[in-house]
Structures are given as C-alpha cells and as structure tokens.
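Asker: Residue numbers (the working numbering), protein chains in the order written: chain A, 1 to 64; chain B, 1 to 246.
Any given hint could be a false lead.
[Stated by the list, open to error] Facing chain B, a subset of chain A residues (Cβ under 8 Å, in silico): (1) Phe-7; (2) Ala-11; (3) Tyr-12; (4) Val-18; (5) Ile-19; (6) Asp-29; (7) His-30; (8) Leu-40; (9) Arg-43; (10) Val-45.
By construction, these hints were calculated from the structure, which means they are not laboratory data. Glycine included, each C-beta is placed from N, C-alpha and C at the ideal position.
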Amino acid sequence: MDSHIAFIAAAYAVTAVVIGALVVRAVVDHRAQIRALAELESRGVGRRSSRAAGEPETGGRVPP
Amino acid sequence: MLTRLANPSVFLKWSGAALPAAAALAAALLEFGLYLAWFVAPADYQQGETVRIMFLHVPAAWMALFFYGLMSLSALGTLVWRHPLADVSQKAAAPIGAAFTLICLVTGSLWGKPMWGTYWVWDARLTSVLVLFLMYCGVLALWRTIDDPSRAARAVSILTLVGAVNVPIVKFSVDWWNTLHQPASVFRFGGPTIHPSMLYPLLAMALAFTVTGATLYLAGMRTEILRRRVRTLTILEAERLDRQAA
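My request is simple: use the sequences and hints to build the entire structure.
Answerer: In structure tokens, the structure reads:
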C-alpha cells in the first residue's frame with residue numbers, strides 16, 4: 001500500500017497546483033484590469049464623469 | 001429580479017460585496033472537506049488508501065460537466081436572448097471548466113495506474129472526457145482568435161453548443177457501452193451505492209469544489225466586464241487622438 005502513497009500525493013498536489021493557478025490568475029488579471037482602467041481614467045478618458053467609488057460605470061450594459 | 005441582478009452595473013455591485021464571503025466560505029469548505037477525506041473516511045476494503053483520490057476525481061468530473069452546461073446555457077443567452085452578460089459568463093466559465101476537467105483526467109490516471117495497472121485506456125468514459133477537455137481547449141483558443149468580443153462570443157457559442165452533444169455521452173457512456181470505468185454510484189436510480197462513511201466526505205468535497213468554482217466564476221465575470229470597459233475606453237482614446245492629429 002505504501003507504494004500507492006506517491007499516487008495519492010501526486011493527485012492532491014496536481015489539484016492544489018491547478019486550483020492555485022486559477023486563483024492566482026484571477027487575482028493578477030483583475031488587478032491588471034483595475035490598473036489599466038485607472039490609468040485610462042487618469043488621462044481623462046471616460047464616457048461618464050460620475051462613477052461609484054472603486055467600481056467602473058458600465059452604463060447598464062457591457063461595452064462591446 | 002434576475003434581470004435586474006444581471007444588469008452589469010448591478011452585477012458588479014452585488015458580486016463585489018459577495019466575493020469576499022464566497023472566497024472565505026470556499027476556503028472553509030475545502031478545509032472541512034479535506035479533513036473528512038483524509039481523517040474521517042475509512043480506507044476502502046479493495047482500493048485501500050487509494051480511494052482518497054476519488055474525493056478529488058469525482059467532484060472534479062461533476063464540475064467539468066457543470067461548467068460545460070453553464071457555458072451551453074450562456075451560449076443560448078448570447079445567440080437567442082442576446083443578454084449582455086451571457087458572453088461574459090461563457091468566457092469566465094471556460095478556463096474553470098477546463099481546469100476541473102484536467103484535474104479529473106489527471107487524478108483519474110493516477111488512480112488508474114495502481115488500481116487498473118494502467119494510466120489510460122481508450123474506453124468510452126475516458127475518451128469522452130478527453131473530448132470534453134479538447135472542446136474546452138477549442139473554446140479557449142477561439143476566444144483568443146477573434147479580436148472583437150461580440151463576434152468571438154457568437155462563434156464560441158456555436159462551437160459550445162456543438163460540443164454540448166458530448167455532455168450526455170460523458171454521463172451515460174458507462175451505461176451505453178462496456179467500459180473499464182465503473183458505472184455511476186452516486187446519481188443513479190435506486191440511490192447511491194457508496195457507504196455513508198465515504199459518501200458524506202465525497203459530498204462535502206463536491207460542495208467545496210462547487211463553491212470554489214462559483215467564486216472563481218464570479219471573479220472571472222467581474223474581470224471580463226472590466227476588460228471590456230478598458231477596451232472601449234482605449235478605442236475612445238485612440239479616436240480622440242486621431243481627431244486631434246487630423
């Protein structure tokens with residue numbers, strides 16, 4: 001049975017790495033978009049002047 | 001009510017508030033599920049400790065099918081109802097579904113080697129799950145191929161709906177053909193065939209994977225909405241610079 005421990009450990013390790021990669025990707029991607037949006041807005045680019053704090057205004061629809 | 005919640009501005013507000021709680025719940029459920037899987041569930045009388053791989057493999061397989069189903073519903077939302085969040089939903093669901101399918105395939109192989117004596121056989125269940133993974137890869141590739149998100153969404157929707165034919169094949173492959181893979185043992189007529197000492201840890205891990213997947217899905221949708229906003233503003237800025245230069 002000891003010889004099977006490597007298979008069990010590998011299964012849990014692969015799962016941890018894949019789910020961890022999903023989480024890291026989600027955080028990094030979100031931060032990149034927030035940064036890009038802030039940069040654009042700091043240059044005065046925007047369709048609306050009023051905007052809720054921390055959240056972009058989408059005007060009720062997803063921009064194409 | 002649902003229509004109001006699915007308005008992108010409203011969605012960003014409520015999902016932003018819900019996300020920290022969802023992430024905390026996912027972490028807590030994963031911890032609880034792993035505790036049950038490692039320390040409470042007994043070793044199987046035939047599989048021994050190797051049965052602990054099942055607590056990852058089975059929930060990952062359910063999630064792989066669930067996210068493809070979600071993508072298919074979203075594809076209908078894009079093509080039929082043209083809902084503004086439908087293609088955002090498709091794009092957010094694809095990498096999560098692909099990741100769970102990969103986990104299902106790898107953990108299945110790692111269970112197969114000590115139990116069956118091989119990492120892989122071309123039986124109907126394994127092959128149809130591999131096809132599911134390839135469909136996810138195709139969808140992800142197609143998103144990257146077309147620049148315009150609306151056009152990409154329509155193309156992806158068609159591909160997704162074509163691939164949806166494979167979902168019942170995955171589920172019923174073990175009934176329709178003779179496979180090395182065992183038949184369904186939880187969702188079946190006559191109830192589960194698994195002893196409660198293993199069934200409850202399995203269901204706990206399934207709940208943990210579901211909440212984890214849902215949290216990542218919400219986060220992915222929020223990021224995609226922001227990405228589209230960035231794209232629109234970049235185009236607006238380029239047009240403004242063009243006008244100034246002219």
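Asker: Now, for every hint given, state plainly whether the structure supports it.
Answerer: Comparing the hints with the structure gives:
{"no.": "1", "hint": "Phe-7", "in the structure": "holds (5 Å)"}
{"no.": "2", "hint": "Ala-11", "in the structure": "holds (4 Å)"}
{"no.": "3", "hint": "Tyr-12", "in the structure": "holds (7 Å)"}
{"no.": "4", "hint": "Val-18", "in the structure": "holds (5 Å)"}
{"no.": "5", "hint": "Ile-19", "in the structure": "holds (7 Å)"}
{"no.": "6", "hint": "Asp-29", "in the structure": "holds (5 Å)"}
{"no.": "7", "hint": "His-30", "in the structure": "holds (5 Å)"}
{"no.": "8", "hint": "Leu-40", "in the structure": "holds (4 Å)"}
{"no.": "9", "hint": "Arg-43", "in the structure": "holds (7 Å)"}
{"no.": "10", "hint": "Val-45", "in the structure": "holds (4 Å)"}
When the structure is compared with the earlier hints, no violation turns up for any of them.
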